[in-house]
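A.B. asks: So the sequences go chain by chain: S and X.
Residues in the first sequence are numbered consecutively from 0, following numbering that gives the first Met the number 0.
Residues in the second sequence are numbered consecutively from 0, following numbering that gives the first Met the number 0.
No wet-lab data here; the hints were simulated from the structure.
It is possible that part of the hints are untrue.
Heads up, the list lumps identical chains together, so a pair's fine if it works in one copy or across two of them.
Claimed, not checked - Here are the simulated EDC-like cross-link-like pairs (lysine to aspartate or glutamate), alpha carbons at most 16 Å apart as the crow flies:
{"#": "1", "residue 1": "Lys438", "residue 2": "Glu33"}
{"#": "2", "residue 1": "Lys53", "residue 2": "Glu77"}
{"#": "3", "residue 1": "Lys386", "residue 2": "Asp359"}
{"#": "4", "residue 1": "Lys201", "residue 2": "Asp230"}
{"#": "5", "residue 1": "Lys438", "residue 2": "Glu23"}
{"#": "6", "residue 1": "Lys389", "residue 2": "Glu100"}
{"#": "7", "residue 1": "Lys59", "residue 2": "Asp49"}
{"#": "8", "residue 1": "Lys386", "residue 2": "Glu358"}
{"#": "9", "residue 1": "Lys59", "residue 2": "Glu235"}
Number of protein chains: 2
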Amino acid sequence: MSAKIRPLSGFPELLPAARAVEREVIASLSRTFELHGFTNIETRVVEPLDRLAKGGEIDKEIYVLQRLQQGGETSEAELGMHFDLTVPFARYVLEHAGHLEFPFRRFQIQPVWRGERPQEGRYRQFTQADVDIVGRDVLDFHHDVEVMRVMVEALDALPVPALSFQFNNRKLIQGFYRGLGVPDVTAAIRTIDKLDKLPGEKVAELLVSDAGATPEQAERCLALATIRVPDTSFVEQVRALGVTDDLLDEGLAELAAVIEGCSAAERRHVSVEANLRIARGLDYYTGTVVEIFMDGYERLKSVGGGGRYDALASDGRTTYPGVGVSFGVSRSLIPLLADGVLAGSRPVPSAVLIAVTSEDSRPESDAIAAALRAHGVPCEVAPTAAKFGKQIRTAERRGIPYVWFTGETGHQVKDIRTGEQVDADPATWAPPHDDLRPKVVSRTDQEQNQ
Amino acid sequence: MSAKIRPLSGFPELLPAARAVEREVIASLSRTFELHGFTNIETRVVEPLDRLAKGGEIDKEIYVLQRLQQGGETSEAELGMHFDLTVPFARYVLEHAGHLEFPFRRFQIQPVWRGERPQEGRYRQFTQADVDIVGRDVLDFHHDVEVMRVMVEALDALPVPALSFQFNNRKLIQGFYRGLGVPDVTAAIRTIDKLDKLPGEKVAELLVSDAGATPEQAERCLALATIRVPDTSFVEQVRALGVTDDLLDEGLAELAAVIEGCSAAERRHVSVEANLRIARGLDYYTGTVVEIFMDGYERLKSVGGGGRYDALASDGRTTYPGVGVSFGVSRSLIPLLADGVLAGSRPVPSAVLIAVTSEDSRPESDAIAAALRAHGVPCEVAPTAAKFGKQIRTAERRGIPYVWFTGETGHQVKDIRTGEQVDADPATWAPPHDDLRPKVVSRTDQEQNQ
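Bound-form chain S, shown alone (with noise of 0.2 Å):
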């Protein structure tokens, strides 16, 4: 192999210590979605071309497949690797609808790929987790609630800055702005949607000359996109408006039971807020949408989002309504552990490191290991029999909290931070439980612990 090795702009590694946050926040993700009952699959990252590109604006991001050297088979599908796990789900869910229960409660944590321009938080290669329920025909609203309140949890459940859940509801907008009159409702609400990049006159001006809307209709709009407070009483501003409109009422009452449901219980760090200004740009949704927005981390714009889509998948004789919810692990976690927020404890498993007294006494260090894992202490034998203090340099340089010496007294434990030195048996010494697997390290905590 050459020498010279540059790193790949936008396919982010991570060295041990990192990674092993990343997947202690994979795994207690994994955690909360299998106390709630969602089933795990991994779909393969390739899906047929035209199933990807659908003329949007993703596609000229999407990475297409190709032999390096084409065979004698002439027509292998044209294949892409997937930009979402939406997609490759909802096709999932048509493949094997005669396979699955519905609802179907499942989550989906795996990398997808975007040949989009590197920048902080956004990668060509990043893993998301995803959390959906979809129905066959139909899926009642409390299902909404239901997804919404799992990643509430789930993210409360790590070790990251606050989140703020933002959710707002499709048939609220469409509702106020039907009943208001304006013409062309689609284009205002993609027009509101501009509101972080522009000012409100701006905004305001575009409803009128796009949208159709009359400067008192663009003020109303504006003022409808102004509400963000963190229980229901954003119903009495709405109702305060003076719209009225069956769509803007059924969209008030799930906006509020959202709220209500995710607000039930004390959490940590997460709180959610009815925020009428989002909008989430993908045509698809059609009632409950939310953006999740990290603390501090405001440049990341969103750090996750979802909602309600009436047809996540049809395959013309049945429709697959469905909600759900991604949460964004790369673009969350790199920046936290790129500025030291989350850091990994030590960069190996190894709670002990086995001193080795000469290399004819190698089996005996071997056994002693096997003993320690046997009841679940991970370990590892000194790779050399160096002197005693390089074999605790050793394990001081891999973070390994503590070395097994062997001597004619027999067992000694030493703990290499406070070097206290104890008898210890191999068949049932442990350390305490803070030692016995790497640990995520976050500078929130001990900040509030001091």
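Put chain X on the given structure of chain S with help from the hints.
C.D. replies: Chain X in isolation, oriented as in the chain S frame:
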């Protein structure tokens, strides 16, 4: 989304219950590797094409990535999908050497991609589990024993049929051929490797024609290749062939140490053999080599393999020797799942379905679920307030063993397999340990238990 979804040949996808089996296998492998102090890494799935394509057999199977629409960027690096986990690991070691401690012990469980013709056990996307130890400049031989023993232990813990580790040593073969005076040792190794496809006499002919051996030398090469024993008695058998050579001596001692080291403990279903015809085609092995076979699935050829490479990676100044072994997770599991040898006990994590008496009382059912989850019981709330009989059938169809009812007389939980229904407190009730999570059901286990 359109109709008519057909599976993509070579890209198998697992239904939820089968995926639960795969997850448990991956978790079990990870547990063993971590108990032995191996740290997990993941590498990005793409590598620069010039690092993957080295003019070998594999080149024509490499998938190359291209953007659907090339944008303004002109000189995007040519990227290919990795076809194993060794090439990316070697690159990872070179790229991050300054941040790693050597010997670096890592495991890696990821999919790889090969555009080969799909057949049983051969897929275009498949998951491998690799465990390796890599040193800087030097790597003591005892690590060969260590890494092989770790994989023996890891596979012994899996719910799969009996597995056989068949070991050999390149030094042994090379030293034997050299001591025997075979002119072209490399050609001889390559020829002997054909013994599983060609009869002995044909291989003997090729040894004469391609490796320049005399008929008598060819006969002794074949005699060496037929030695296959479950212990270290091969040493005497080789000595009896009357060849002496320093490298042969080294190889014999190493192979004996590996066989002894891997046989030391009692195993459930993994056996170990010295099989002196194992050569492994790849040229970079320099000592220990191993192939792993699965009982009753010899048609899959090996389900794993690996060995020692004195130059896993090099940056010109520093060389990184390594030793490792890879297990084909998909290659072994997918046929076992297809044949019903392995199955998941249920397709959902939920152990309990909380019945809903009426939609009005759904929040009460939610509260029961929350109480169960708080002490680690995975559960879900019934999707509709149908008649109880229908809710029980919902649980049945999903494979959920318990249904929770709340009535005027308090809480009761029913084991729907036995019909037994008992009073229960949501704050403390838990199912028997065996029912808590989906399990791997192994037909071989069942047969053994009968």
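A.B. asks: Would you pick out the hints that fail for this structure and give their numbers low to high?
C.D. replies: Result: hints 4, 9 break, sorted rising.
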